[in-house]
Amino acid sequence: MRTVLLPLLLWLTAATSALATSSLPIDTGKVEASLLSSHYTVAPGETFQIALKTELDDKWHTYWRNPGDSGEPVQITWTVPPIITTGELVWPLPAPIPTGPIINYGFEGAPLFPVDFTVAEDAAIGSVIEVEAAVYYLVCYDVCIPEDGTLRIILQVAEDSELNDRNAAAIAEAVNMAPREISVDAAMQANGDALSLQFSDLPAGDFSNAYFFPYDNTLLVHSDPQIATVGDGGVQIDTTASFGWGDGFSEPQQGVLAFDLDGARTGRIVTVATGSALSIGVSHSGSSGSGPSITLWGAIFGAFIGGLILNLMPCVFPVISLKALSLAKSAHGERQTARREAWAYAGGVFATFAVLVIALMVVKAGGAALGWGFQLQNPIVVGLLALLLFAVGLNLMGVFEVAGGSYQGTGAALAGRGGLTGSFFTGALAVLVATPCTAPFMASAIGYALAQPIFVTMLVFAALAAGFAAPFLLLAYAPGLLTKLPKPGPWMIRLREVLAFPMFAAALWLVWVIGNQAGVDGMALILLAMLALALAVWLLQRTGVWRLLGIFMIALAIALPFAARTAPASGSVDLAVDAWSPERVAELRASGQAVFVDFTADWCVTCKVNERLVLKTDAVKQAFADTNTAFLIADWTNKNDVIARELESYGRAGVPLYLYFPADDNVVRGEVLPQVLSVDRVIDTLKGS
Amino acid sequence: MKTFTLAAAAVLALSTPAFAKIATGSSVTDMTVVDSDGTTHNLSDFAGQRVVLEWTNEGCPYVKKHYNTNNMQDLQREAAADGTVWLSVISSAPGAQGHKDNVGVANWKAEYDAVPTAVILDEDGTMGRAFSASTTPHMYVIDADQTLVYQGAIDDNRSSNPATVEGARNHVRMALANLDAGEPVEVTDTQPYGCSVKYK
Chain A
0 MRTVLLPLLL WLTAATSALA TSSLPIDTGK VEASLLSSHY TVAPGETFQI
50 ALKTELDDKW HTYWRNPGDS GEPVQITWTV PPIITTGELV WPLPAPIPTG
100 PIINYGFEGA PLFPVDFTVA EDAAIGSVIE VEAAVYYLVC YDVCIPEDGT
150 LRIILQVAED SELNDRNAAA IAEAVNMAPR EISVDAAMQA NGDALSLQFS
200 DLPAGDFSNA YFFPYDNTLL VHSDPQIATV GDGGVQIDTT ASFGWGDGFS
250 EPQQGVLAFD LDGARTGRIV TVATGSALSI GVSHSGSSGS GPSITLWGAI
300 FGAFIGGLIL NLMPCVFPVI SLKALSLAKS AHGERQTARR EAWAYAGGVF
350 ATFAVLVIAL MVVKAGGAAL GWGFQLQNPI VVGLLALLLF AVGLNLMGVF
400 EVAGGSYQGT GAALAGRGGL TGSFFTGALA VLVATPCTAP FMASAIGYAL
450 AQPIFVTMLV FAALAAGFAA PFLLLAYAPG LLTKLPKPGP WMIRLREVLA
500 FPMFAAALWL VWVIGNQAGV DGMALILLAM LALALAVWLL QRTGVWRLLG
550 IFMIALAIAL PFAARTAPAS GSVDLAVDAW SPERVAELRA SGQAVFVDFT
600 ADWCVTCKVN ERLVLKTDAV KQAFADTNTA FLIADWTNKN DVIARELESY
650 GRAGVPLYLY FPADDNVVRG EVLPQVLSVD RVIDTLKGS
Chain B
0 MKTFTLAAAA VLALSTPAFA KIATGSSVTD MTVVDSDGTT HNLSDFAGQR
50 VVLEWTNEGC PYVKKHYNTN NMQDLQREAA ADGTVWLSVI SSAPGAQGHK
100 DNVGVANWKA EYDAVPTAVI LDEDGTMGRA FSASTTPHMY VIDADQTLVY
150 QGAIDDNRSS NPATVEGARN HVRMALANLD AGEPVEVTDT QPYGCSVKYK
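Here the protein sequences come in this chain order: A and B. Residues in the first sequence are numbered consecutively from 0, following numbering that gives the first Met the number 0. Residues in the second sequence are numbered consecutively from 0, following numbering that gives the first Met the number 0.
Among the hints, a few may not be true.
Cross-link-like lysine-lysine pairs, in silico, DSS-like; alpha carbons within 27 Å at most [claimed, not checked]:
#	chain 1	residue 1	chain 2	residue 2
1	B	108	A	615
2	A	58	B	108
3	B	20	B	199
4	A	58	B	63
5	A	607	B	63
6	B	199	B	108
7	B	63	B	199
8	A	686	A	615
9	A	686	B	108
10	A	615	B	199
11	B	108	B	63
12	A	607	A	686
By construction, these hints were calculated from the structure, which means they are not laboratory data.
Only chain A is shown next, with the shape it has when bound in the complex:
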């Protein structure tokens, strides 16, 4: 009907010269679309604007020119008379729209899409300008709907142009808010998966939450966070390179750099080319960013504090305080020497940590080559980490000690050397020599680092090294502090023991995480692994066969988390099930399907036993599949009147209740199965024998 009416109305409006500066809005479903014109009449040679206005239903969104991980851009095809030249579409500033782990670039609300049109100089006065826009957009919320429509607007060429003030103002504001092109210094580099972009010579604004929307959809991984670091000279964005880097980007790339200006989000179109990194003069205190980078700074700060704590460990503290004491004594009157030695010591510490980071990179690369990802969403990795933290806690409690090894002697000898070499090795070996005490801490840090991108690993270990070296450096500059140091003593053991509890707490939390990932069974596996580990460390204190048994238990403890992968998640039945409702039963039966209804509740032990021993067995699942019987669950865990009424109609006040409705049979009441099920009984019922 509308298709007939619309041209008629347009013809009427044109014929009466009552020129329309806004098209009739069309409702395409989730979107009400219309065209706005800045002018009633336009003069020859003049430029005017028409904007597509899309009013989206609440929570629905459409897509930017690069839609991100999914979706499709808004598309407008203009049809204009020959006297009109059509300009470029002005895209509004997009926003990252997350859907689960997916990030889209798009718009919510009522975005305007303005376009410039220019009238030819020789356009005849009085000629009608009919502009037609065929629009297409994918509009998504929980589902996606492609919608389209055709909009028309009619203007006239006149001696004097006449503005539609309201439309002109709305379009001017939209253009003003939209990203416009500016020239900045910019460069980008991809190093493996890591992509870094620097922008300098920037306009005024707050770039601490800067975000880059590339036009090309193969430049960066849209779903990964962008970490912005602000320096004196600009901003750097670190994120993940996408597969477009396989061939490299030889052409400069355009995109929108979004940032905050006077509290509002804004953006500029910038061009960035592959090239060496620009110095943006990062000041370490001045940078920050969105969520992920706060985590990073937290981790770095934590690592620094951790490095400081390492100095207080029973086997580190005496060594360091003695060395510091001797340094202060030997360098008496020679402050310069003391400081040089302190820096050599710090160099040694950093070098050792650097070696460790390189080793980690090798392990990680090796793991990646084997297809082994160190991700925390993998229950195996989380399980091993929980086990590690538990072991660390046991160690801190003093249940067992990590063997020191003979290199402690070597270390002491090297460290004993005088001069800068001696100090360097004291630093290097303070890290290694102290292994019996530092191992637990180092292990936690390594576990964390393996699950992180390599640059995070480097930063965390650098902070750890800085923390470790800091007290010694401080003492070299302020020898007076030496007298203020507490004496080594039993307090150090107590401190170590106290530190065990946060470790246990962290292990506990990881076990809970596994519970979410792999269910109760997975959680039990990890607890079992912990038991095996505790037994193992106790056995290892013994000798002979007991010791061997201990080694076996360790292997067992490490092997157990691997089983967590295959353990089915509790509650998620691999028999495909559906929620019960009287309507659903009717619907399935109408389609000629047999239906089985399981009235159950989480607190109902009989129900759970039946489910575990009968309904979830392979034989029964097979029977369901063979007979194409639908499995509906009526969950009475929480109060539900519909379920209560249904139970009542079968003369029951509670669960379990099992009903079977055969296919192709018009019985109204389902067949009631016994409250205690058996595999044979269920299979017989399903197969109708």
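With the hints as your guide, set chain B onto chain A.
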């Protein structure tokens, strides 16, 4: 204190499970999946065979484009004739668009005459996240030695309009043809297009 920070960092890392994208050219991670017949498969079971993974969601207009034109079913038949394993994966969460139980899958296969080797029910999204599947359709080709050789869009016309199937370069068909000819796969990565996967 460090422990707390590490734990806090881990909390954040876990609360936003990252997409663990598998790089094209690397081996696929083994995992256990369950199909709509209740059969359990390990991806490693298919070593020695080519595997095509297809993320699907019946209600998605882009999926409809390829099913209503029989484009997807034709490809499934060609693959089957070639001895290629075809796994259609449904990662829609319960209640979300496209989610199916075993009966729903049977009906859907019958309605569209679809012939995948198996339909994987991935309602908790584990497999989808492991492969970083972001759209429906999102296609993956794994060669006989379990190396991922193609991932991305089904073809190069990123529209929901069924008329655009004709004349588009079908990346999956071409990748399989490359493998048949013993050549390296010509196009290994494209940006997938379609609806977002309706993850939990």
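Hints, one by one, checked against the model:
Taken as a hint, the residue 108/B and residue 615/A pair is honoured in the structure, with Cα atoms around 25 Å apart against an allowance of 27 Å. Distance hint between residue 58/A and residue 108/B is unfulfilled; the C-alpha atoms sit about 33 Å from each other, more than 27 Å. A threshold of 27 Å between alpha carbons decides the hint, and for residue 20/B with residue 199/B the separation of about 18 Å falls inside it, so the pair holds. With a C-alpha separation of about 24 Å, the suggested pairing of residue 58/A with residue 63/B holds against the 27 Å cut-off.
Note on residue 607/A and residue 63/B: the hinted pairing is violated, with a Cα-Cα distance of about 40 Å set against a maximum of 27 Å. Of the pairs offered as hints, the one joining residue 199/B and residue 108/B holds, with about 24 Å between alpha carbons and a cut-off of 27 Å not exceeded. Between residue 63/B and residue 199/B the alpha-carbon distance is near 22 Å, which keeps this suggested pair within the 27 Å criterion. The straight-line distance between the Cα atoms of residue 686/A and residue 615/A is roughly 17 Å, inside the 27 Å bound, and the hint therefore holds.
Only pairs whose Cα atoms come within 27 Å are accepted, and residue 686/A paired with residue 108/B is accepted, the gap being roughly 23 Å. Proximity of residue 615/A to residue 199/B is assessed by CA-CA distance (about 23 Å); at most 27 Å being required, the pair is judged to hold. At roughly 13 Å between alpha-carbon atoms, residue 108/B and residue 63/B fall within 27 Å of each other, so this suggested pair holds. A distance of roughly 23 Å separates the Cα atoms of residue 607/A and residue 686/A; the hinted pair therefore holds under the 27 Å criterion.
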